[in-house]
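*Asks:* Got chain A sorted already, so can you dock chain B with the ligands onto it with the hints?
Protein chains in written order, with the working numbering: chain A, 1 to 274; chain B, 275 to 693.
By construction, these hints were calculated from the structure, which means they are not laboratory data.
Heads up, some of the hints might be wrong.
Said to hold, decoys possible - If you anchor each label on the Cβ, the simulated ranges turn out as follows: (1) V412/B / T86/A: 27 to 33 Å; (2) R311/B / D169/A: 36 to 42 Å; (3) V324/B / R115/A: 33 to 39 Å; (4) R554/B / H209/A: 58 to 64 Å; (5) D89/A / A416/B: 28 to 34 Å; (6) L120/A / W468/B: 29 to 35 Å; (7) E199/A / R311/B: 40 to 46 Å; (8) L120/A / Q466/B: 35 to 41 Å.
As the list claims (entries may be wrong) - In silico contact screen, one side only, chain B against chain A (beta carbon under 8 Å); selected entries: (9) L502; (10) A563; (11) G575; (12) R579; (13) R665; (14) F666.
Every residue, glycine too, gets a C-beta built ideally from N, C-alpha and C.
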Amino acid sequence: MTPTAPASAPADTSVLSLRSISKTFGAVAALTDVDLDVAPGQVVAVVGDNGAGKSTLVKVLAGVHAPTSGTITFEQRTVTIDDPATAHDLGIATVFQDLALCENLNVIENLFLGREINALRLDDVAMEVRSWELLRQLSAKIPTVRIPVASLSGGQRQTVAIARSLIGDPRVIILDEPTAALGVAQTAEVLNLVERLRERGLGVIMISHNMEDVRAVADKVAVLRLGRNNGVFDVQDVSSEEIIAAITGATDNAVSQRASRRQGATTTHEGAPS
Amino acid sequence: MTTTDQPAEQTAVATDLQDERLRRSSGLRGTVDAQVRRIKDGDLGVLPVVAGLVVIWGVLQALNPIFLSSANLVNLTLECASVGIIALGVVFMLLVGQIDLSVGSVSGLSSAIVAILFVDKGLPVVVAIVAAVLAGAVVGFAYSLMFNRFGVPSFVITLAGLLGFLGLQLYLLGAQGSINLPFDSGLVKFAQLWFVPPWLSYVLVVLAAGGLLVTGLAHSRKRAAAGLSHRGLTDLGVRSAVLLLLLGFVVFYLNQTRGVGWMFVLFVGLVLVMHYLLSRTKWGRSVYAVGGNVEAARRAGINVRLVYTSCFMLCTSFAALGGVLAAARLAAANQSSGGGDVNLNAIAAAVIGGTSLFGGRGTAFAALLGVLVIQSISSGLTLLSLDSSFRFMVTGAVLMLAVALDSAARRTRASSGRA
Ligand SMILES: Nc1ncnc2c1ncn2[C@@H]1O[C@H](COP(=O)(O)OP(=O)(O)OP(=O)(O)O)[C@@H](O)[C@H]1O
Ligand SMILES: [Mg+2]
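Next comes chain A alone, as it looks inside the complex:
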């Protein structure tokens, strides 16, 4: 286990660097001095317990919440992302945990919301064609793109939200639990997509509770615990147990106890006289 100590200056290979980002909501310090680096063509998984501050971090990067303090460097420039439009303009695309879709609008309208083709005379044909391309690419099982999002299933909505982040020409894509509601095939497609994005040289930040998914696609794993950095690991040299230990803050944790209990149970069972 080799937690790479975060460099104090932004690494010049990174497309996006955070330095001592803090965010407080009233008395709650959701994030405290968080550092994070994403290089082009790199997938960084951010993991942590419920309430660790992952979604808050995402929202800071998406311009939804302004950080209380700290600096964000995007493509070697210090930037302030004070609203979502700024994040889009920089090239940071986000899939939110709550998806942030408009239920009364249809799939095409949601995909292109805020980035419609031809502002004064909408080109709905071009938008529909592009929508189908994106959805097919994600193996989306959506029968028609002309129905309101309200009538889609949870997984279909999640696919729409992911497809939306691909519109435009993003440099960094942030996915907040993108596979939480997805079926087996769709999860595989999203993981494939993440790999394709990496090949295209995009920086990807993926938040996930699923260790298998994390180990399958991520290059680095950054652990957040109670709003603070708790280590950054290279995926190759770390085991799931070590990550879980970092997430929960102890080697002796609920997950390991449970694992050893089950281990014990199996052993007893096998050891029982026949």
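*Replies:* Below, chain B with the ligands without anything else, positioned relative to chain A:
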């Protein structure tokens, strides 16, 4: 011609029809089927209000045979324009999930402004009109500042406006209390005497139907070229022919007496322009998005405050324009201009026309259809020499029905996946 009536018979299935769960239907039959299905699922669109209009007209005609006479209908169209334009503004407020309770007062204030500037100050009529509408826009801007900066609910802001601007109207009209507009002025003539020459009215009808056909065909071709499903020639032809016959008949019937008033044409024109803005522009999309889910709209990078500001300003500007036309129609501005039931009629018209009170749902046509219902009731009951007490009760009942339908349809949509 790349269009066919049977897209399903094409060699390749269109990109948007490939999912096997999709119920495929094509041609004219398919269009009808799809409509029926939408209505069953609670996506009522304009159907309830059209049906309501038919019922109301039937009843009123049965009670008094003059009701559907050409002369009365011409009068009806002229009476519609000012409240209808105010209702058009209200539609925008409802679409973003807000409300403006002060449209009546703002229209009354604008009546007063136009009369004072034009008659008392002797300014050119155009200047007076522009000033009145600008005053309306300024009111909307002030509302939006209160709303965006301090987060005061629109309900409260405009309730204050309702009182405040009524006061200002009374103050401006002052001692006289009433100002008459000269009958020979263009403004009054526009509202009372100017009608579209019959030949021109038919030309406009043909242009409308032709326009629908041409844009429909162009759109259909573009979709075909992109490999998407598209409407066939018959389908589009029938649609345009129906419009041609319907509009042609209406215009023909109105032309039996005075004809189609320019003021009504102005109203319909504004409805069409607003329909275009809502359905075919980026701004229109953002209006629906804000009404549907403000936070999602904000995260999509939409300038939510600007959208609210534009809707507040449109609403009060339309209210002011409605006030100008009301003054022109009456040839006077007085203390009761914009008072009485103007406010509630305009809001009721928008809701009866099918604009949801829950935001994000409705079209510009709601104003046209809704105001036709309201004015029909009012005109019919006046013909029966029933006083306003009955009018209020009937209008109230119809509004209640419309709101109940909106809520019921909302529930049906939720269960059939069209929310
Ligand atoms: N808008 C807000 N106002 C107040 N507190 C908030 C707000 N958003 C988040 N918090 C607090 O910040 C902390 C971190 O929340 P966050 O949503 O970032 O957790 P998370 O790591 O995404 O958790 P999960 O795995 O459950 O999604 C929590 O204690 C939460 O209560
Ligand atoms: Mg979260």
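*Asks:* Now tell me if each hint is right for this structure.
*Replies:* To see whether the hints hold, each was checked on the structure:
{"no.": "1", "hint": "V412/B / T86/A: 27 to 33 Å", "result": "holds, 31 Å"}
{"no.": "2", "hint": "R311/B / D169/A: 36 to 42 Å", "result": "holds, 39 Å"}
{"no.": "3", "hint": "V324/B / R115/A: 33 to 39 Å", "result": "holds, 36 Å"}
{"no.": "4", "hint": "R554/B / H209/A: 58 to 64 Å", "result": "violated, 43 Å"}
{"no.": "5", "hint": "D89/A / A416/B: 28 to 34 Å", "result": "holds, 31 Å"}
{"no.": "6", "hint": "L120/A / W468/B: 29 to 35 Å", "result": "holds, 32 Å"}
{"no.": "7", "hint": "E199/A / R311/B: 40 to 46 Å", "result": "holds, 44 Å"}
{"no.": "8", "hint": "L120/A / Q466/B: 35 to 41 Å", "result": "holds, 37 Å"}
{"no.": "9", "hint": "L502", "result": "holds, 6 Å"}
{"no.": "10", "hint": "A563", "result": "holds, 5 Å"}
{"no.": "11", "hint": "G575", "result": "holds, 4 Å"}
{"no.": "12", "hint": "R579", "result": "violated, 11 Å"}
{"no.": "13", "hint": "R665", "result": "violated, 34 Å"}
{"no.": "14", "hint": "F666", "result": "violated, 33 Å"}
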